[in-house]
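Enquirer: Sequence:
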Amino acid sequence: MLYDAVMVPFDGSDSACAALDEAVRFAKEDAGLALHVVQIVDLERTAVAKLEARGVDLTESVVPMGMQEAMEEATEEASERLHAQVDGVIRPLMNEKRVCLLPEVHPGDQIVKYAQENGCGLVIMGSRGLGALRGMLGSVSSYVLREAQVPVLVVKAPENEE
Numbered sequence: 001m002l003y004d005a006v007m008v009p010f011d012g013s014d015s016a017c018a019a020l021d022e023a024v025r026f027a028k029e030d031a032g033l034a035l036h037v038v039q040i041v042d043l044e045r046t047a048v049a050k051l052e053a054r055g056v057d058l059t060e061s062v063v064p065m066g067m068q069e070a071m072e073e074a075t076e077e078a079s080e081r082l083h084a085q086v087d088g089v090i091r092p093l094m095n096e097k098r099v100c101l102l103p104e105v106h107p108g109d110q111i112v113k114y115a116q117e118n119g120c121g122l123v124i125m126g127s128r129g130l131g132a133l134r135g136m137l138g139s140v141s142s143y144v145l146r147e148a149q150v151p152v153l154v155v156k157a158p159e160n161e162e
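Going by the UniProt record's numbering, the first residue of the sequence shown is number 1, and it counts up by one from there.
You may find that some hints are simply not true.
Said to hold, decoys possible - BS3-like mimics (lysine-lysine), calculated; alpha carbons at most 30 Å apart, straight line: (1) Lys97 x Lys156; (2) Lys28 x Lys156; (3) Lys28 x Lys97; (4) Lys28 x Lys113; (5) Lys113 x Lys97; (6) Lys156 x Lys113.
By construction, these hints were calculated from the structure, which means they are not laboratory data.
Construct the complete structure from the given sequences, taking the supplied hints into account.
Expert: Set out below in structure tokens:
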């Protein structure tokens with residue numbers, strides 16, 4: 001067993017799907033490999049949008065009434081979306097699987113910390129095809145490559161992704 005656990009930061013993009021497919025390939029080759037699929041979400045922004053849609057005046061108070069409820073709804077909805085996107089791909093695996101949300105503070109930092117705190121020996125993430133190295137990889141991928149204490153496998157985005 002080369003790695004005990006592999007982490008896949010997942011945002012639903014084509015390149016993230018390609019990274020998840022690569023991680024599944026690793027998992028199929030090693031039944032002892034734990035697969036961690038993690039999505040970074042801005043729950044606060046989502047909750048604020050929910051409150052605004054309900055007509056809550058957000059200019060009057062620091063913590064608007066209903067914020068906790070809106071955060072819980074945002075968390076539940078984000079979790080349901082994430083599971084809807086990845087469960088069909090990872091469910092057939094016999095491996096240990098974790099699918100979780102992390103709050104968006106600094107996505108790259110969250111990825112690095114999660115990998116370290118959860119014993120992930122490899123991070124498999126998607127890239128973006130924009131141009132120069134930083135743009136091609138995206139700022140989050142670039143940060144993780146620089147800061148992670150474990151190997152990072154960046155999976156090339158499919159040809160049809162911009």
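Enquirer: Give a verdict on every hint.
Expert: Here is what the structure says about each hint:
In summary, the hint linking Lys97 to Lys156 is supported, as the alpha carbons are separated by about 24 Å, within the 30 Å threshold. Of the pairs offered as hints, the one joining Lys28 and Lys156 holds, with about 20 Å between alpha carbons and a cut-off of 30 Å not exceeded. Restraint check: the Cα-Cα separation between Lys28 and Lys97 comes to about 12 Å, which is no more than 30 Å; the hinted pair holds. Note on Lys28 and Lys113: the hinted pairing holds, with a Cα-Cα distance of about 26 Å set against a maximum of 30 Å.
The straight-line distance between the Cα atoms of Lys113 and Lys97 is roughly 18 Å, inside the 30 Å bound, and the hint therefore holds. A hinted pair counts as satisfied when its Cα atoms are at most 30 Å apart, and Lys156 with Lys113 qualifies at roughly 23 Å.
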